[in-house]
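Trainee: Chain W: place on chain V using the hints.
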Amino acid sequence: MSCRQWLSSALRGLAKQQPHSQPQTRLFSTTLQSRSSSPSSPSSPLNPSSPAPSASRSAFPSRLTNPTTTPTKSANDALFGIMRESRDRGPALTDAERRNVIKPNFAETIQSTRASATTDAFVRQMPRRWRTGDVYAPRDLSPVEMRKWRRPSAPKTDVVDMLGFSPVDNYRNPSLISEFMTDFGRIKHSKFTGLRPVNQRKIAKAIRRAIGLGLHPSVHRHPEILYRNARKTLGVQYRPDQEKGNSGPKY
Amino acid sequence: MVARSVSPGGALLRASRMFSLPAPIPGPPTQDTTSSSFNSTTATSAYPTHQVITTLSSSRKRGDWGLKRPLPLRSTTKSSNPMIRVKAIDTIEQITDFTSAADHGLTLRKFQELRVPVVVRKSSSDVSYKVSDYAQRSVFDSEIDTTDIAPKDRAQYIDQRWKFTGPWLAGMTEGDFKEYLSKHVRPRRTAFRAFLKQKLAEEMNGAAQLKAMDEGELDVKQTPVRARDITEDQLTDYLRKLRSHQHHLYAMVGTFLDLAPLKPPEIAIAKIQSRETFKVSENPYAQNGPPSTHPSAGITYLRTKSYMDNHPLYGPQKEHQPVQARVVKPRRNTPVTPASIGVAGIIASTRLGDSVLNRKSVGGALDHINPDVEGGSKLWVQVKQARVDSNGKIILSVDSAPMGHGGAEAELIAKELLGEGEGIFGQQREQNIEVLPENREQMRRQYAAPSAPMTVNKLNLNI
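Sequence lines, in order, name chains V and W.
According to the UniProt record's numbering, the first sequence holds residues 1 to 251 in order.
According to the UniProt record's numbering, the second sequence holds residues 1 to 463 in order.
Just chain V, with the same shape it has in the complex:
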């Protein structure tokens, strides 16, 4: 514990008491003092058990002698509290003592970090995403087989036929368009898209139309897609209610 931390904690304690400071200051106000000194009310109505104001004003010696008094009432009290706390706590730990405190935790952390790193390294070698119901033989866990799951392959089925949509009608759909474009804005070859020639031509037409109308950039991905990908990789939660107010990228 450094001195600065004690200071800051004390100041925090002060800040906490700020809202309640009003009645307390009034306790020491001249009006209250006069009221308490009046014969009609011998003790203060707010704090009947409190000592006389004159005694609480000279609080420094009383706090030293009696540590279980009322909480700090002023900046001076707070500073005094720091002194008292440090005195009660005693001197800081020596280096040797500190090492002893840290040692067991440190060893545990090192161990778990090492296990985690080993696991990560192995998991990186296992790119296959297992689904419930998948059948595996020992061969499927081998490095040769696992390496095959790292390489993307062209889809075997024609997506356009399967989903039964018209590509040309979807020229305003940037996520569809960018699925069939490379990072540099070129139209993907049918051996990568897996489309039959008729649908490949239709998709190509939709892409050319989107670019020709200025709806889609011709040299890179659509900013909306970039924003979406960034959000995905950064792990920011997608929240549509926030999206309305702050409409993503400014361009």
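Just so you know, these hints were derived from the structure itself, not from any lab.
Backbone N, C-alpha and C fix where the C-beta goes; we use that ideal spot for every residue, glycine too.
Fair warning: there could be bad hints in the mix.
Unchecked claim - Quick list of in silico lysine to aspartate or glutamate cross-link-like pairs, EDC-like style, CA-CA up to 16 Å:
1) K199/W / E174/W
2) K183/W / D161/V
3) K263/W / D159/W
4) K318/W / E411/W
5) K163/W / D148/W
6) K178/W / D158/V
7) K241/W / E203/W
8) K318/W / E409/W
9) K178/W / D88/V
Said to hold, decoys possible - Residues of chain W placed beyond 12 Å of chain V at every Cβ, according to the derived structure:
10) G9
11) P48
12) Y238
13) G298
To be verified - The following residues of chain W were derived to be distant from chain V, with all beta-carbon distances above 10 Å:
14) R137
15) T165
16) A208
17) G254
18) P330
Mentor: Frame of chain V, contents of chain W only:
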């Protein structure tokens, strides 16, 4: 005309393995529909598509697998699990195309060792949100395993069937649906009109009967309406009426095309039911689609798990014997991926709830790969049930081995059977049991036949 008798050569050919090998079934549907998919063409598929064949060891030594030509000895005699699948009996290169089928063959054996029945969720009409509320029943339950139904009774037994000639619409993609409409539905328009006429005639007769009964007559005086008596105008009116009653129309179409029943999600059902009369299907396959084969997929014929395990020394056991599950992939936090657990060579689904497989227990085999553990990390789990989904995948539900009194005991016994760990109740297993070589006299005494006369057996032996 006398039927032609099959020649001896022909009979031999027909009985041969060459002809008895069934044609391969279509493989599991691929799930890679995105533009870039990650898969392996050589990975073990979710279910076998080819028949697995094996042969006797004496025949195997000669390369005789009952096929057209002997198989090479070098690649077939070394395996301890002689199982092959034949892709082609003969090819243009004059070879028999075969590979090892030990993957699926052994998976089946391991699955059958689990001794779990294939079950299906019992459909309940009242909405329930607890998993435990859904009773499971065997797929061989005669109430839901009926195939021999006359075509005219199909609609009546819709909730007891698993096989339908029509598709399950909820499982179709838009493109497939459009193709189905154009290829299979549109050509049957005239047949559907005839079907509707029949239905209309039945309805009219029913209404007339009801009216007659209301008027206090025992029978209808008029002759019953026949389907051919219905005019086109009447049919058009009926069609218009049907269009405003969508559920009724769907029931008609479903009956005509023999569509697999649909069950909307439970939240949707509550909405629909409040609006109009809607009969929710009771078919257990309505929600997730009917199976492509028999719902058991032929992997087991057990009907129940309500049997008691017996141990030769410890007697009847409270719990079923737990099994070891492989941690195929440990769970990770970044990105959050659950652990993949394999039981009997099948990736299992882990149940929800507080268990070893759940998030609450951190650390250990489920979270870390320890390369020092030979053969990989394993867990003891209890297999709860097996199910075959509409894609033909085996879904095994596993739970952590029960930690109660019986559970811990079951695990100890299972370990002991594997030769691991110490004996149950802390007793040390006797390490060096002296095995004396038995002499012939002892063996004869031990396995001697009873002294009673065994005429039948002797007779049989003599024959």
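Trainee: It remains to establish, for every hint, whether it holds in the given structure.
Mentor: A quick look at each hint next to the structure:
| no. | hint | in the structure |
| --- | --- | --- |
| 1 | K199/W / E174/W | 30 Å, violated |
| 2 | K183/W / D161/V | 15 Å, holds |
| 3 | K263/W / D159/W | 11 Å, holds |
| 4 | K318/W / E411/W | 12 Å, holds |
| 5 | K163/W / D148/W | 10 Å, holds |
| 6 | K178/W / D158/V | 15 Å, holds |
| 7 | K241/W / E203/W | 13 Å, holds |
| 8 | K318/W / E409/W | 9 Å, holds |
| 9 | K178/W / D88/V | 83 Å, violated |
| 10 | G9 | 40 Å, holds |
| 11 | P48 | 9 Å, violated |
| 12 | Y238 | 31 Å, holds |
| 13 | G298 | 15 Å, holds |
| 14 | R137 | 21 Å, holds |
| 15 | T165 | 23 Å, holds |
| 16 | A208 | 45 Å, holds |
| 17 | G254 | 22 Å, holds |
| 18 | P330 | 6 Å, violated |
Of the numbered hints given earlier, the model fails hints 1, 9, 11 and 18; all others are met.
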